Amino acid sequence: MSLGASPARGALRIERAVKAYGRDGARTLAVDDCSFDVAAGEICVVVGPSGCGKTTLLNAIAGFHSLDGGSIHLDDRLLCGPGRPRADVSSERIVVFQDGALFPWKTNLDNVAFGPIVQGTLSRAAARDKARGLLADAGLGGYEDVYPSQTSSGVRRRIEIVRALMNDPAVLLLDEPYRALDALTKSVMHESLLELYVRNRLTVFFITHDLDEAIFLGRRVVVMTARPCRPKAILDVDLPYPRTYDVMGERRYRDLVQEATTAVHEEAMRAFDVGDKEGPS
Amino acid sequence: MTNARAPHLGRFGAWLRSPAPYLALTGYGLFLLTWYLTVDVFAVGRFARMPGIASIFHEWLSVDPTYGVSIHTPIYYQHIVMSLGRVGIAFALATALGVPLGLLLGWSPTVKEYVFPVFEVLRPIPILAWVPLAIIMFSGSETPVVFLTFLASFFATTLNTLLGVRSIEPSYVLAARCLGASRTQVFRHVIIPGALPFIFTGLQISVGVAWFSLVAAEMVSGQFGLGYLINTSYTMVQYPTIAIAMLTLGLVGYSTSAVVRLVGDQLMSWRRREHAR
Numbered sequence: 004m005s006l007g008a009s010p011a012r013g014a015l016r017i018e019r020a021v022k023a024y025g026r027d028g029a030r031t032l033a034v035d036d037c038s039f040d041v042a043a044g045e046i047c048v049v050v051g052p053s054g055c056g057k058t059t060l061l062n063a064i065a066g067f068h069s070l071d072g073g074s075i076h077l078d079d080r081l082l083c084g085p086g087r088p089r090a091d092v093s094s095e096r097i098v099v100f101q102d103g104a105l106f107p108w109k110t111n112l113d114n115v116a117f118g119p120i121v122q123g124t125l126s127r128a129a130a131r132d133k134a135r136g137l138l139a140d141a142g143l144g145g146y147e148d149v150y151p152s153q154t155s156s157g158v159r160r161r162i163e164i165v166r167a168l169m170n171d172p173a174v175l176l177l178d179e180p181y182r183a184l185d186a187l188t189k190s191v192m193h194e195s196l197l198e199l200y201v202r203n204r205l206t207v208f209f210i211t212h213d214l215d216e217a218i219f220l221g222r223r224v225v226v227m228t229a230r231p232c233r234p235k236a237i238l239d240v241d242l243p244y245p246r247t248y249d250v251m252g253e254r255r256y257r258d259l260v261q262e263a264t265t266a267v268h269e270e271a272m273r274a275f276d277v278g279d280k281e282g283p284s
Numbered sequence: 263m264t265n266a267r268a269p270h271l272g273r274f275g276a277w278l279r280s281p282a283p284y285l286a287l288t289g290y291g292l293f294l295l296t297w298y299l300t301v302d303v304f305a306v307g308r309f310a311r312m313p314g315i316a317s318i319f320h321e322w323l324s325v326d327p328t329y330g331v332s333i334h335t336p337i338y339y340q341h342i343v344m345s346l347g348r349v350g351i352a353f354a355l356a357t358a359l360g361v362p363l364g365l366l367l368g369w370s371p372t373v374k375e376y377v378f379p380v381f382e383v384l385r386p387i388p389i390l391a392w393v394p395l396a397i398i399m400f401s402g403s404e405t406p407v408v409f410l411t412f413l414a415s416f417f418a419t420t421l422n423t424l425l426g427v428r429s430i431e432p433s434y435v436l437a438a439r440c441l442g443a444s445r446t447q448v449f450r451h452v453i454i455p456g457a458l459p460f461i462f463t464g465l466q467i468s469v470g471v472a473w474f475s476l477v478a479a480e481m482v483s484g485q486f487g488l489g490y491l492i493n494t495s496y497t498m499v500q501y502p503t504i505a506i507a508m509l510t511l512g513l514v515g516y517s518t519s520a521v522v523r524l525v526g527d528q529l530m531s532w533r534r535r536e537h538a539r
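Chains A and B supply the protein sequences, listed in that same order. Going by the numbering used here, the first residue of the first sequence is number 4, and it counts up by one from there. Going by the numbering used here, the first residue of the second sequence is number 263, and it counts up by one from there.
Calculated directly from the structure, the hints in this document are not laboratory data. Quantities reported herein were computed from a predicted structural model and do not represent experimental measurements. Beta carbons are placed, not taken as given, at the ideal position from N, Cα and C, and that holds for glycine. Errors might be hidden in some of the hints.
[Unchecked claim] Just some of the chain A residues that point at chain B, by a computed CB distance under 7 Å: (1) V92; (2) I97; (3) F100; (4) A104; (5) F117; (6) G118; (7) V121; (8) Y150.
My request is simple: use the sequences and hints to build the entire structure.
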């Protein structure tokens, strides 16, 4: 089953990306010769050993830091590359952070309404109306007038994604957003993310360690090598959307998880060996 | 449910029902009783020459006080108003200059590199060491006192504001920028509210050190004020009046710091609710 025509925007092309940290003597390559594409409107999940440089790649797409080589294009437009070391930070590419970044001093409603207000695209009243609508659509209507601290961490994550969607981004960049959640909350998050995805059809770039999460969410799963980071295997997850948790019982699902596990395990062992020789970095 | 409708009354009611106020009253009672027993009744060793609690309260509440200062004499309030005025002006100045400077130091690494080293050398100089320079720099007896009071407050406020800016999670700034906020919008919507808890911690400290330096300054120079009262009562051997001025300082100082805390709670309702949870 397909989701209809692909959206016209949100295609990422990463070509021969290079990023190193440290000075000449102790230079560490975080990302080296890393190339892969993310199709418009797909959920691309990036997995790999911890510290392998996945977040570095995400930060380069977001424009939080520069690349040392290679290029990243969004819909054939150069984000960063030759002559343009660093992408502009823009609301077309919104990051949802590991530990959540809803502003604690704003109510949930004002958090969601924030983007269009500061960009000046909507009046304050119109932005709040739109935010109310989106929160209600996401089943979060009861949380508008309270502060994030009065809201459970699972609900906060969902509100943060609504805050991003409020700006109609082309790409959503999620950096292990559900890392700190318990398994049960996580499963609710996954179904809710897929629901929002199916409704909005935007490109999702999702980083995780959790292979079940990767296969359950991803249209494609990019398994990264241990540092420096580059694709080791790209798995095509041909399970139709909308997916529900029943899919985890299917043979195809389990085969894919097995395949991903094998690939990640090899890299983890390699990272461990390298780590033994070089000491902790 | 009533809590949601009238949070203040609800909280006050809950406070009245909790053991806290009664324990506090017992604490005050024990303190005064200890004083009474050690000084008034048994005149224990070193405490023998202290003013007794009975004579202090007698003097404090007397319509015709022996040493001329009690709650029935206008001079008592003149001292309080004078001290309050000095602290008020100094605290307002320290806040008006210290908060913006702290925000600037925290926000701009370049400014910080110029200013902070100087700041760090001036900050530890005790207020009393500034007394001669203050008197040389400012004419009259009023301005030096206000300047000395201002100085300690200013350092406390600036430093805490700076720390407040540094304490802000970098992800809040990045998130705001992703959502399209400009630099000035990040400053207004993230830096200022994010630093506010530390700013108010700074203001609480600031009001405390303002009283501290005020009394030191008033003992050196100036006329009127509670510090002045303590000093003159000492030279004129009016011991109960010293204790009256000290206890008054405690009460007035505590009230000013409570006002700062209340203002902070009002501005940071998101935190009050967080703590109430």
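Quick rundown of the hints versus the structure:
At a threshold of 7 Å, the smallest CB-CB gap from V92 (chain A) to chain B is about 5 Å, leaving the interface hint in force. For I97 (chain A), the shortest C-beta to C-beta distance to chain B is roughly 5 Å, which falls under 7 Å, so the interface hint holds. Residue-level restraint check for F100 (chain A) holds (minimum Cβ-Cβ distance to chain B is 5 Å; threshold 7 Å). Interface restraint check for A104 (chain A): the shortest CB-CB distance to chain B comes to about 4 Å, inside 7 Å, so the restraint holds.
Checking F117 (chain A) against chain B by beta carbon gives a least distance of about 6 Å; that is within 7 Å, so the hint holds. Using the Cβ-Cβ criterion of 7 Å, the hint placing G118 (chain A) at the interface with chain B is satisfied: the shortest such distance is roughly 4 Å. Hint status for V121 (chain A): holds, given a least beta-carbon distance of 4 Å to chain B, under 7 Å. Because the smallest distance between the Cβ of Y150 (chain A) and any Cβ of chain B comes to about 5 Å, under 7 Å, the interface hint for this residue holds.
The structure shown violates none of the earlier numbered hints.
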